[in-house]
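S.K.: Protein chains in written order, with the working numbering: chain A, 1 to 326; chain B, 327 to 655.
Honestly, I wouldn't trust all of these hints.
[Claimed, not checked] Computed beta-carbon distance windows for the label pairs:
hint, chain 1, residue 1, chain 2, residue 2, range
1, B, E425, A, P64, 51 to 61 angstroms
2, B, E425, A, S11, 40 to 50 angstroms
3, A, G24, B, L461, 26 to 36 angstroms
4, B, G401, A, D228, 53 to 63 angstroms
5, A, G313, B, E647, 46 to 56 angstroms
6, A, P64, B, H428, 21 to 31 angstroms
7, A, S22, B, G446, 41 to 51 angstroms
8, B, G401, A, A150, 50 to 60 angstroms
[As the list claims (entries may be wrong)] No farther apart than 20 angstroms at their CA atoms in a straight line, the calculated lysine to aspartate or glutamate pairs in the EDC-like style are these:
hint, chain 1, residue 1, chain 2, residue 2
9, A, K151, A, E137
10, A, K80, A, E69
11, A, K269, B, E521
12, B, K562, A, E266
13, B, K614, A, D197
14, A, K269, B, E517
15, A, K269, B, D545
16, A, K144, B, E439
17, A, K144, A, E207
18, A, K269, B, D536
19, A, K151, B, E600
20, A, K151, B, E599
21, A, K144, B, E600
[What the hints assert, rightly or not] Derived coverage of chain B by chain A (criterion: at least 3 residues anywhere in the stretch with Cβ under 8 angstroms from a Cβ of chain A; other residues may be distant):
hint, region
22, 533 to 541
23, 575 to 583
By construction, these hints were calculated from the structure, which means they are not laboratory data.
As the structure is a computational prediction, the values presented were derived from the model and not from experiment.
Every residue gets a Cβ at the ideal spot worked out from N, C-alpha and C, and that includes glycine.
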Amino acid sequence: MEEGRDANVLSIHALTVGARQSAGARPLVDSLSFELRAGEALGLMGGSGSGKSLTALALMRLLPWPYLEIQSGQILWQDKDLSLISDTELALLRGRHIALLLQDAATALHPMRNVEQQLFQVFSYHASSASQDKSREKIESLLKAHGLSAKILQAYPHELSGGMRQRVLWVMARLLDPEILIADEATHALDASVQADVIEQLRGYLEVRSRALLLISHDIGFLAELCDRIMVLCGGRLVEEASLADLLHRPLHPYTQALLAAAPLEGRKGQRLFRAQASLQQPGLGCAFASACLHADRRCEQEAPPLLRLADGRRVACHRSEESGA
Amino acid sequence: MTDILEVRGLSYGHSEQRSVFQKAREGFQVRDFHLSLRAGDMHALIGESGAGKSTLARLLAGALKPAEGLILWRGRPLTSYSLRERARGIQLVMQDATEALHARRTVGEQLREVARVTRGLSPSQVRDMIPQRCLELHLDPLLLERFPHELSGGQRQRVNLLRALLCEPELLICDEPLSALDRLHQVELLEILQEWRQRTGGAIVLIAHDVNVVAQWSDAVSLLYQGRCLEQGPSKAVLQRPQHPYTRWLLSAQPRLYRPAWALARSELVSREERPGVVVYPSCPWVKRCALAEPACWGQESRLKRQDVDSSHQSACIRSEDLPWHVGS
Numbered sequence: 001m002e003e004g005r006d007a008n009v010l011s012i013h014a015l016t017v018g019a020r021q022s023a024g025a026r027p028l029v030d031s032l033s034f035e036l037r038a039g040e041a042l043g044l045m046g047g048s049g050s051g052k053s054l055t056a057l058a059l060m061r062l063l064p065w066p067y068l069e070i071q072s073g074q075i076l077w078q079d080k081d082l083s084l085i086s087d088t089e090l091a092l093l094r095g096r097h098i099a100l101l102l103q104d105a106a107t108a109l110h111p112m113r114n115v116e117q118q119l120f121q122v123f124s125y126h127a128s129s130a131s132q133d134k135s136r137e138k139i140e141s142l143l144k145a146h147g148l149s150a151k152i153l154q155a156y157p158h159e160l161s162g163g164m165r166q167r168v169l170w171v172m173a174r175l176l177d178p179e180i181l182i183a184d185e186a187t188h189a190l191d192a193s194v195q196a197d198v199i200e201q202l203r204g205y206l207e208v209r210s211r212a213l214l215l216i217s218h219d220i221g222f223l224a225e226l227c228d229r230i231m232v233l234c235g236g237r238l239v240e241e242a243s244l245a246d247l248l249h250r251p252l253h254p255y256t257q258a259l260l261a262a263a264p265l266e267g268r269k270g271q272r273l274f275r276a277q278a279s280l281q282q283p284g285l286g287c288a289f290a291s292a293c294l295h296a297d298r299r300c301e302q303e304a305p306p307l308l309r310l311a312d313g314r315r316v317a318c319h320r321s322e323e324s325g326a
Numbered sequence: 327m328t329d330i331l332e333v334r335g336l337s338y339g340h341s342e343q344r345s346v347f348q349k350a351r352e353g354f355q356v357r358d359f360h361l362s363l364r365a366g367d368m369h370a371l372i373g374e375s376g377a378g379k380s381t382l383a384r385l386l387a388g389a390l391k392p393a394e395g396l397i398l399w400r401g402r403p404l405t406s407y408s409l410r411e412r413a414r415g416i417q418l419v420m421q422d423a424t425e426a427l428h429a430r431r432t433v434g435e436q437l438r439e440v441a442r443v444t445r446g447l448s449p450s451q452v453r454d455m456i457p458q459r460c461l462e463l464h465l466d467p468l469l470l471e472r473f474p475h476e477l478s479g480g481q482r483q484r485v486n487l488l489r490a491l492l493c494e495p496e497l498l499i500c501d502e503p504l505s506a507l508d509r510l511h512q513v514e515l516l517e518i519l520q521e522w523r524q525r526t527g528g529a530i531v532l533i534a535h536d537v538n539v540v541a542q543w544s545d546a547v548s549l550l551y552q553g554r555c556l557e558q559g560p561s562k563a564v565l566q567r568p569q570h571p572y573t574r575w576l577l578s579a580q581p582r583l584y585r586p587a588w589a590l591a592r593s594e595l596v597s598r599e600e601r602p603g604v605v606v607y608p609s610c611p612w613v614k615r616c617a618l619a620e621p622a623c624w625g626q627e628s629r630l631k632r633q634d635v636d637s638s639h640q641s642a643c644i645r646s647e648d649l650p651w652h653v654g655s
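All chains, full assembly: derive it from the sequences and hints.
M.R.: Structural data, given as structure tokens:
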């Protein structure tokens with residue numbers, strides 16, 4: 001029984017997402033591989049357009065049809081490849097075993113059903129054996145844990161504030177106790193105080209060892225609260241993966257350095273460690289950060305740096321780190 | 327230097343208001359707000375959602391009529407200026423960049439019209455100038471031929487900012503310009519604003535819910551809660567020694583990496599459950615959640631008062647002198 005802390009609950013191999021009918025174009029998520037382990041919170045960090053949200057959507061096979069598709073790769077969950085199983089099988093899995101919290105709480109909720117209907121629907125959809133009373137109890141306890149009163153059950157989404165809507169989504173995602181929770185910028189619209197509540201809730205969620213969290217954010221401050229390991233995406237490619245401490249103290253990729261410097265750490269204001277640029281050029285063959293990188297040379301623009309695994313287990317994709325022999 | 331903008335006792339709303347969902351509550355979205363702003367100043371308005379920041383922005387821009395109080399623009403009431411004079415003096419950049427742009431006209435068309443109407447420039451002057459100004463904001467002039475929905479969120483945000491800057495205002499009010507941006511774009515935009523203010527000597531009122539991002543960049547801050555200003559003063563003083571329990575709590579609630587060294591546990595600052603009762607103006611609106619509240623807080627008048635003789639740092643906490651972290655203690 002190897003159900004310990006290091007068992008993988010989700011393994012992604014060379015996941016590639018791109019537009020349909022766009023042969024030769026650069027994929028939007030480019031051969032991304034990673035493992036999500038039981039009991040861990042994994043962070044996925046990157047600026048806008050880095051492919052974070054597409055990764056989340058691809059894992060749940062919710063890419064906007066018919067524009068985008070998973071072009072290759074495997075998403076392994078309990079020996080099943082989620083990119084191959086049937087839609088019916090997948091529908092039963094979503095929400096029950098893997099739940100996704102979308103970025104935009106306003107459009108994620110049905111505008112013409114009240115919160116109660118939408119929450120109860122989760123149980124009925126999954127043919128849950130829980131009785132009406134049990135379901136209600138579960139809903140009410142989760143609402144309370146997220147700082148909402150049971151009164152909001154009667155409310156429609158437009159009557160709720162942004163923060164309340166977001167919290168309703170949190171409740172909805174947790175109703176069936178999924179083992180994997182994927183949260184896409186799920187605290188972005190929230191006030192700092194509400195965000196602190198959510199973080200506390202997530203810590204509670206992770207106390208059950210078999211569970212895992214995939215947190216997607218552009219903000220190191222939020223990720224640092226929960227994550228043990230952080231992956232940095234840029235232009236659809238994984239450019240760095242490291243433990244939180246390594247990443248904070250010794251970021252290797254210039255893109256990671258720029259992201260960290262832009263955050264208002266330790267009472268100083270954010271700094272711009274990248275080239276602000278007006279041009280609309282699509283990234284070429286080389287590193288996706290080359291055009292904004294302060295250290296880029298010719299090679300960076302023409303040749304994609306390989307993702308190297310370093311001695312201490314971290315991964316980085318930068319020509320410069322190769323040279324400096326990190 | 328004289329003040330370009332002076333706000334005295336500004337209020338907006340009605341004495342009582344009922345919404346569909348909420349109980350009847352005091353219906354003022356902004357109450358008794360004071361501010362004085364000099365040319366070149368950057369003032370940040372910070373507060374949680376529902377604090378009245380956006381309402382205040384609209385009031386300052388003259389888009390809403392105050393219920394009480396006075397806004398003086400260069401010594402004269404704001405209402406005494408014509409619409410065009412006001413547009414040249416004060417520009418508001420709205421929170422929602424998508425809604426602020428016309429969906430069915432190209433970005434270039436919209437920008438050219440603004441420059442023509444408010445600055446009275448000829449079409450050829452406008453055509454030469456706009457691509458130039460685009461580059462200042464790191465926008466590709468090719469974007470001018472596109473429609474708003476073809477732009478990214480960050481680009482739309484900058485187009486909106488450019489629209490306001492084309493009017494060459496003396497005061498720029500930016501309503502949550504950063505909330506939709508990632509950290510990289512936030513820094514980029516703040517640098518653009520900083521550069522504009524240094525180059526033109528214009529003043530900026532910046533609205534944000536995230537204390538961390540803006541406070542370091544601005545000269546002064548106002549902390550708002552439920553329409554009331556609870557603390558106001560130079561950014562440095564407020565960040566280092568916040569006097570009001572609300573400000574202390576707001577700064578303590580930040581994610582770990584951004585939290586100041588003196589941050590307190592939340593339980594020391596807020597009570598677990600909101601206390602029942604109705605807060606009657608002018609007592610402190612924070613009293614229902616404040617862990618340090620005393621019976622006196624419910625009845626006593628709470629107004630901004632100076633914490634230090636030689637600083638403009640003001641707090642509205644009636645107990646501020648008794649608090650362990652008081653400036654004078």
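S.K.: For every hint, state whether the structure bears it out.
M.R.: Verification of the hints:
1. B:E425 x A:P64: 51 to 61 angstroms: violated, 23 angstroms
2. B:E425 x A:S11: 40 to 50 angstroms: holds, 42 angstroms
3. A:G24 x B:L461: 26 to 36 angstroms: The hint (26 to 36 angstroms, Cβ to Cβ) holds, given that G24 of chain A and L461 of chain B are roughly 31 angstroms apart.
4. B:G401 x A:D228: 53 to 63 angstroms: holds, 59 angstroms
5. A:G313 x B:E647: 46 to 56 angstroms: holds, 54 angstroms
6. A:P64 x B:H428: 21 to 31 angstroms: holds, 26 angstroms
7. A:S22 x B:G446: 41 to 51 angstroms: holds, 47 angstroms
8. B:G401 x A:A150: 50 to 60 angstroms: holds, 54 angstroms
9. A:K151 x A:E137: With Cα atoms ~14 angstroms apart, K151 of chain A and E137 of chain A stay inside 20 angstroms; holds.
10. A:K80 x A:E69: Distance of about 19 angstroms is within 20 angstroms: holds.
11. A:K269 x B:E521: holds, 15 angstroms
12. B:K562 x A:E266: Holds - the C-alpha atoms of E266 of chain A and K562 of chain B are around 14 angstroms apart, at most 20 angstroms.
13. B:K614 x A:D197: holds, 18 angstroms
14. A:K269 x B:E517: Between K269 of chain A and E517 of chain B the Cα gap is close to 11 angstroms, so the pair holds against 20 angstroms.
15. A:K269 x B:D545: holds, 13 angstroms
16. A:K144 x B:E439: Given pair K144 of chain A, E439 of chain B is violated - Cα atoms ~52 angstroms apart, limit 20 angstroms.
17. A:K144 x A:E207: holds, 19 angstroms
18. A:K269 x B:D536: Cα-Cα ~13 angstroms, so holds.
19. A:K151 x B:E600: Judged against 20 angstroms, a Cα distance of about 16 angstroms means the pair holds.
20. A:K151 x B:E599: holds, 16 angstroms
21. A:K144 x B:E600: holds, 14 angstroms
22. 533 to 541: Our answer is that it holds, as 5 residues pass the Cβ test (under 8 angstroms) against chain A, meeting three.
23. 575 to 583: Contact hint for the region 575 to 583 of chain B vs chain A: holds, 7 residues under 8 angstroms.
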